[in-house]
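Student: Construct the complete structure from the given sequences, taking the supplied hints into account.
Counting along the sequence shown from 1, when you hit position 220 you're at 220 in UniProt numbering, and nothing is skipped either side.
Please keep in mind that the hints were generated in silico from the structure rather than gathered at the bench.
Treat the hints loosely; a few may be bogus.
As the list claims (entries may be wrong) - Beta-carbon label-pair distances, calculated as ranges: (1) Ser191 with Asp149: 54 to 60 angstroms; (2) Arg218 with Ile178: 58 to 64 angstroms; (3) Thr238 with Ile216: 28 to 34 angstroms.
Think of the CB as a built atom: it goes at the ideal place given N, C-alpha and C, for glycine as much as any other residue.
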Amino acid sequence: MSVSPLRVMDQHKMSPSEWESSITTWWKEHKGMLREDAMMEYLKIAQDLEMYGVNYFEIKNKKGTELWLGVDALGLNIYEKEDKLTPKIGFPWSEIRNISFNDRKFIIKPIDKKAPDFVFFAPRVRVNKRILALCMGNHELYMRRRKPDTIDVQQMKAQAREEKNAKQQQRDKLQLEIAAREKAEKKHQESVERLKQLEVEMAKRDQDLMEAQEMIRRLEEQLKQLQAAKEELEARQTELQVMMERLEESKNMEAAERAKLEEEIQAKQEEVQRIQSEVNS
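Tutor: The structure is reproduced here in structure tokens:
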């Protein structure tokens, strides 16, 4: 499905996806605009386009040259066949005295009686009827715009202004409510995120505390083991001391007894060195 008329899309080098993206962006930029305001902004832009409000009709002049007749709110314009933008001849409503047609012949009489009439020919009588109807309608609107507004029109405009102001106030109130709700939702979201962050921090602190407690437990266990090893070392050293004293006193011992005691002392020394190595490690 096309997001814009094909004749519009063909005038710009944009893909359908680019059109869709651009239209979405424009819609977001004008979010909250009243429908009436949007229509007025559209008309402000459209009215400056060269072909805005112009009804074109194929005609021929007396020489048979093909031309375009343009009817709009400001008057009548004659265009060359290849150019619908630049009028070749213009007849503002204020300079037209009379318009009429006879069969396929259409006549424009200027207010300046010295100026020649402009005559052209339409392809069919019903085309001239339509041209005349458009001329009468546009001329009537032109004359209305030049006159001051009647009481009824003034009242209608005043009522329209009041309704517009009421809608604007309602829209402003709605925008304030939307802004307040968005602010509250944002604050709530921030609170939720902050709570999650605190939960993560608390979980990390709990984990750190558990790891610290485990470290303390291991250190206490190591300290107990070290204390026990020291006590055992002291006991073995005491035993070794006693054995050394016995060795000193054993001069009169038999050789076999003395050799056995020396072996025991050697074993005890090795045991003491082992325990001392464990304590120092």
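Student: Take the hints in turn and mark each one as holding or not.
Tutor: Now the hints, each set against the structure:
For serine 191 and aspartate 149, the Cβ-Cβ distance of about 57 angstroms falls inside the hinted range of 54 to 60 angstroms, so the restraint holds. For arginine 218 and isoleucine 178, the hinted distance range of 58 to 64 angstroms is satisfied, since their beta carbons lie about 59 angstroms from each other. As the Cβ distance of threonine 238 to isoleucine 216 is approximately 33 angstroms, the hint placing it in 28 to 34 angstroms holds.
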